[in-house]
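There are 2 protein chains.
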Amino acid sequence: MLMQRIYTSQLEKYVGKEVLISGWCHDVRLLGGINFILLRDKEGIAQVKVEKKSSPREILDLVEKIHQEDVLVIKGKVVRSKVAKAAVEVVPSKIEVVSKAEVPLPLDPRNVTPANLDTRLEWKFIDLRKPESILIYKIGTAIEMAMRKFWIKNGFIEIHSPKLMGSPSETGAELFSVPYFGRTAYLAQSPQFYKQMAMAAGFEKVFEIGQVFRANPSETTRHDTEFTSIDMEMSWIDSHEDVMKFEERWLSYVLKSIKKNFGSEIKENFGVEVIVPKIPFPRVTMQEAHEITGCKPVETRNFSDLDSEGEKMLCKYVLENKKHEFVFIKDFPWRVRPFYHMKLEDDPTKTKSFDLLWKGLEITTGAQREHRYNVLVEQAKEKGIKLDNIKFYLDFFKYGCPPHGGFGFGQTRFLMQLLGFKNVREVTFAPRDMKRLFP
Amino acid sequence: MLMQRIYTSQLEKYVGKEVLISGWCHDVRLLGGINFILLRDKEGIAQVKVEKKSSPREILDLVEKIHQEDVLVIKGKVVRSKVAKAAVEVVPSKIEVVSKAEVPLPLDPRNVTPANLDTRLEWKFIDLRKPESILIYKIGTAIEMAMRKFWIKNGFIEIHSPKLMGSPSETGAELFSVPYFGRTAYLAQSPQFYKQMAMAAGFEKVFEIGQVFRANPSETTRHDTEFTSIDMEMSWIDSHEDVMKFEERWLSYVLKSIKKNFGSEIKENFGVEVIVPKIPFPRVTMQEAHEITGCKPVETRNFSDLDSEGEKMLCKYVLENKKHEFVFIKDFPWRVRPFYHMKLEDDPTKTKSFDLLWKGLEITTGAQREHRYNVLVEQAKEKGIKLDNIKFYLDFFKYGCPPHGGFGFGQTRFLMQLLGFKNVREVTFAPRDMKRLFP
Chain A
1 MLMQRIYTSQ LEKYVGKEVL ISGWCHDVRL LGGINFILLR DKEGIAQVKV
51 EKKSSPREIL DLVEKIHQED VLVIKGKVVR SKVAKAAVEV VPSKIEVVSK
101 AEVPLPLDPR NVTPANLDTR LEWKFIDLRK PESILIYKIG TAIEMAMRKF
151 WIKNGFIEIH SPKLMGSPSE TGAELFSVPY FGRTAYLAQS PQFYKQMAMA
201 AGFEKVFEIG QVFRANPSET TRHDTEFTSI DMEMSWIDSH EDVMKFEERW
251 LSYVLKSIKK NFGSEIKENF GVEVIVPKIP FPRVTMQEAH EITGCKPVET
301 RNFSDLDSEG EKMLCKYVLE NKKHEFVFIK DFPWRVRPFY HMKLEDDPTK
351 TKSFDLLWKG LEITTGAQRE HRYNVLVEQA KEKGIKLDNI KFYLDFFKYG
401 CPPHGGFGFG QTRFLMQLLG FKNVREVTFA PRDMKRLFP
Chain B
1 MLMQRIYTSQ LEKYVGKEVL ISGWCHDVRL LGGINFILLR DKEGIAQVKV
51 EKKSSPREIL DLVEKIHQED VLVIKGKVVR SKVAKAAVEV VPSKIEVVSK
101 AEVPLPLDPR NVTPANLDTR LEWKFIDLRK PESILIYKIG TAIEMAMRKF
151 WIKNGFIEIH SPKLMGSPSE TGAELFSVPY FGRTAYLAQS PQFYKQMAMA
201 AGFEKVFEIG QVFRANPSET TRHDTEFTSI DMEMSWIDSH EDVMKFEERW
251 LSYVLKSIKK NFGSEIKENF GVEVIVPKIP FPRVTMQEAH EITGCKPVET
301 RNFSDLDSEG EKMLCKYVLE NKKHEFVFIK DFPWRVRPFY HMKLEDDPTK
351 TKSFDLLWKG LEITTGAQRE HRYNVLVEQA KEKGIKLDNI KFYLDFFKYG
401 CPPHGGFGFG QTRFLMQLLG FKNVREVTFA PRDMKRLFP
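As they're listed, the protein sequences go chains A and B. For the first sequence, position 392 (counting from the first letter as 1) is numbered 392 according to our numbering, and the numbering increases by one without interruption. For the second sequence, position 268 (counting from the first letter as 1) is numbered 268 according to our numbering, and the numbering increases by one without interruption.
In short, the hints are calculated from the structure, not lab data. Treat the hints with care, as some may be off.
Which copy? The list can't say, so a pair holds if one copy fits it or any two copies do.
Stated by the list, open to error - Below 25 Å or equal to it, Euclidean Cα-Cα: the simulated PhoX-like pairs (lysine-lysine) are: (1) K77 <-> K52; (2) K259 <-> K153; (3) K316 <-> K422; (4) K100 <-> K391; (5) K153 <-> K130; (6) K398 <-> K94; (7) K381 <-> K100; (8) K383 <-> K343; (9) K259 <-> K149; (10) K75 <-> K205; (11) K398 <-> K65; (12) K138 <-> K153; (13) K245 <-> K153.
Bound conformation, chain A alone:
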C-alpha cells in the first residue's frame, strides 16, 4: 500500500482526487446497471459506486462475488454524488478482498433485524462492529482521559494495586479463590485496602482504574462478575463532605468535556442530552431519603440502603424539585456500612459515608475511613471480622496514618447512564457473568 490510507469520514476533503480506503463491506447492492458497496471503517461509512457502463470487467466481476462483512481495500476517485449533492462517492479503480467473511453471518451488524442479547453477546465482536457500538468505546476513552487529566492536575498519583490478595478484601462473600502455590489467593473485590495502603505510605492522593471481581451468582442488568472499577482516595480531609466536594467538581469537569467533544454525537446516536451538572450536587441524608421516598430501609449486598426502586424514586423527586440529575445520599447507618467507614462523632449509629445516584442508579460508594488503629480494631470486632485475616491491613494504621477518604465508581454504570442503556453488558467490551466466560 504505497498510498496513504484515509478514513471514510475524510472523503469530503478529497473530491476530485484518488484515495485509498479500507474496511468492511457493510452492504452491497447489485442493481444491474449500477452497483453500490457501502464500506465501513471506524470513522463512518462510504458509498462506493460501480457503474456497469464505465467500470473495468475485473471490478464488475469482483463486485458480484463480494459479500457482507468481507474486508476490502479500495482505490478510487472521490466524486460528488449526482443524487444527493451534499454527499460524496468513490468510483473505484481497484478493489482488493483482503479477508472473506463466511456465509451466513451469525449476526448482522447492520442491525436490520435486532438480535436478542444472548446472541449479540455470543458474537460480541460482530455486534461491536455497529458504528454506534464503536462510538461507546470512543466515549469511554474520552471519559477516562478527562478523569485522569483532572486527577493529575490536582496532584494525584496513579497506582496499580494487586488483584491477587492473601485474604479477602471486603466481607468474604462473593469471593473468587485461586489455588496459589499450595496456598489460596483471592481475587480483589475492590482496591480498597490498597488505596488505604497508599495513604499510609504518604501518597496523599491516588487513583486507580482497574478490573475487580465479584462472584455474584445472580444475573441482574447492573452486575457483572468482573468489571472496571474507578477508584480514588485522598488524605487530609475533615469529613466525607470533602470527598463529595471533590467528586462533584471531578464529575462536572468530565461531563463538560464529554458534552463538548461528543454531545451532538450522543444526542444523534443515543437520543440523550448530556447535561453538565451544577455544583454543589443536592445532598440528602439516608434518613431524609427514606422520608422522601417512603421506602423502608433494606439491606443489600453493596451496603446501599435503598432498593433499586427507591433509588429511582429519589432521583425523580430530586430532578423535579431541585432540577438536578445527581443526588448524594449521606450518613448511612453503621449497620449497613463496612467496618472501615468512620462513625459520625455526634451519632455513632451513623457513618461518614455517602452514595452518589445518577438518573436513578447508584454509581458511587464513598466514605471517610477510620484511620485510628484502636477504633478500627473495635469496629472490625463489632462486625464479627476475624482480625487475623486483616492483620496486614490493620498494620497500615499502626505507624502513623493521616485522616483520609475516597470512593469507588462503576465505569460501566456511568457509561450506561450517560448513554441511556438498560444493561451494563451493552457497554462492556467482553462481559462476564455466572454463565458467560466467552468470548
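Knowing the structure of chain A, use the given hints to seat chain B on it.
Just chain B, lined up with the frame of chain A:
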C-alpha cells in the same frame, strides 16, 4: 482546619506568613536549647524549629513526646534560617499529633541503615514513605499519561479486556485457574486474544494498561506472578515494521516528556541521565544478534531467543557502535514464537516478529499476527494446540479481519530500566511472587 494547608515545597513563597503544614515526623532532634522536627509530606521535607527561650510551654512539652513517623499538623510562621540563608524554617504556634506511630518502627524510612529487600517488601507501606519511593510513582503516573496522550492523539481506543477467561490465553503453562460456578476460569496471561477481538470488531487501534497473571514458580529479579501490562494493537499494517515504527515514535515521545518534567529529579535521586532516543532505533535480525553476540540460541518461556546475558551483550554492542540505548531484534524463528505470529512470506522458518531491548533488558514483544483463518488454524495445529480450546479466538478471523499487529510492554521493566533499579519489585506498588501475597 480553617486555614488552607500548603505543601512543604511551597514554604519559600510564604516567608513572613502563617501557614499550616502536615505530614509525618521524618526526624526529631532534641538539642536542649533548640529543637528541630523534620516534617515530611509528599512534596518534600520542612524544618520546624522550636527554641526553648521563645516557645510556649505546651509546645516544648509536646515536642519531647513526639516520635519518628507520628503524623502531625503544624501551624506556624515561615522564617529565613539564620544558619543557611537559602533555607526557610517554620516556627510553630501550634502542633497537633493526629496519629501516633508505634515504637519501635519495623523499618526506618530515613533509610539510614538500609534494610534487606524482604523486610522492605514486608513493610512496603513504610518503605514507600521514602521521598525517592514516592517519586517513582509520580514518574510512573507521568509515563502512562504521556503514553495515553500519544495514543489518543493517534486515534486509539482504550479497552478493558476481561481477566477471567474461559480458556488459556497463551500456551497453557504458568496458568492460574479459578473455580467458577462449577466450571474453571483462567486468569489472563496477556490481553492478546482480546486486543485481536477488537481488531476483528473494527476498532482498528486499541490500547490497554492492566494487570496480567503468570504462575511463574521461579524468583527472578525480572518476573512477578502479577504485573501491569501495557498493550496495543493496530490494523492495516503491511508488516511488523509498521508496529516497530509506531513503537519508536511513541517511546521517543514518552521519554521526551519524562526528560522535560522529571529529568533533573531523576538525575538527582537515581543518578541516571534520561536520553531521548533518536528515530529510527537500530534493528538487527535474530540471526544477526547471534552473530554479534556469539550466543547460541536458547528457548525461554517468553519466546525470546537470547538469554539475559545475550541481551546485555547485544545492547552493549549497539550502544558502542550505534550510540543507541534501544535495539529491535526482529524475524525470530517460528519455533520460538507463539502460533499466532505471522510467518515471513519468503522464509516460513521465520516470523514477522520483534523484541525491543533497552539497556540490556527485553521490554517488548511484538509481531504482525496471522489474520487468515485457514493459515492460523494450520499454525495452531503445527504447535500442537487443541483447536477446541481456542475456538472462540479462531472465530474472530472467520467473518472478515484486516491485517494487524501490536506489542506488549512491561510497565515495571520500563520503570526499572529508566531509573536504574536491579529488581522489578523496587518499582512495583505491592509485588506478587511465589512466596508473596501480602501486603
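Results of checking the hints against the structure:
In this homomeric assembly, K77 and K52 come within 25 Å of each other (Cα to Cα) only inside a single copy, at 16 Å, whereas the closest approach across copies is 87 Å. For the identical chains of this complex, K259 and K153 are neighbours both inside a copy (20 Å) and across copies (19 Å), given an alpha-carbon limit of 25 Å. Taking CA atoms no more than 25 Å apart as the test, K316 paired with K422 passes inside one copy only; the shortest distance there is 17 Å, against 57 Å between copies. Proximity of K100 to K391 under the C-alpha cut-off of 25 Å is restricted to the inter-copy arrangement: shortest distance 18 Å between copies versus 58 Å within a copy.
Taking the shortest alpha-carbon separations for K153 and K130, only the inter-copy value of 23 Å comes in at or below 25 Å, while the best intra-copy value is 35 Å. Only between protomers do K398 and K94 lie at most 25 Å apart by alpha-carbon distance; the minimum there is 24 Å, versus 72 Å within a single protomer. Taking identical chains as interchangeable, the C-alpha atoms of K381 and K100 lie at most 25 Å apart only when they sit on different chains, with a minimum of 22 Å there against 63 Å within one chain. With identical chains, the CA atoms of K383 and K343 are at most 25 Å apart within one copy only, with a shortest distance of 13 Å there and 59 Å across copies.
In the homo-oligomer, the alpha carbons of K259 and K149 lie at most 25 Å apart both inside one protomer (16 Å) and across protomers (20 Å), since each shortest distance falls under that limit. Taking identical chains as interchangeable, the C-alpha atoms of K75 and K205 lie at most 25 Å apart only when they sit on different chains, with a minimum of 22 Å there against 52 Å within one chain. Taking identical chains as interchangeable, the C-alpha atoms of K398 and K65 lie at most 25 Å apart only when they sit on different chains, with a minimum of 17 Å there against 73 Å within one chain. Taking CA atoms no more than 25 Å apart as the test, K138 paired with K153 passes in both settings, with 23 Å inside one copy and 12 Å between copies.
Within a single copy, K245 and K153 get their C-alpha atoms as close as 16 Å, which meets the 25 Å cut-off; across copies the closest is 31 Å, which misses it.
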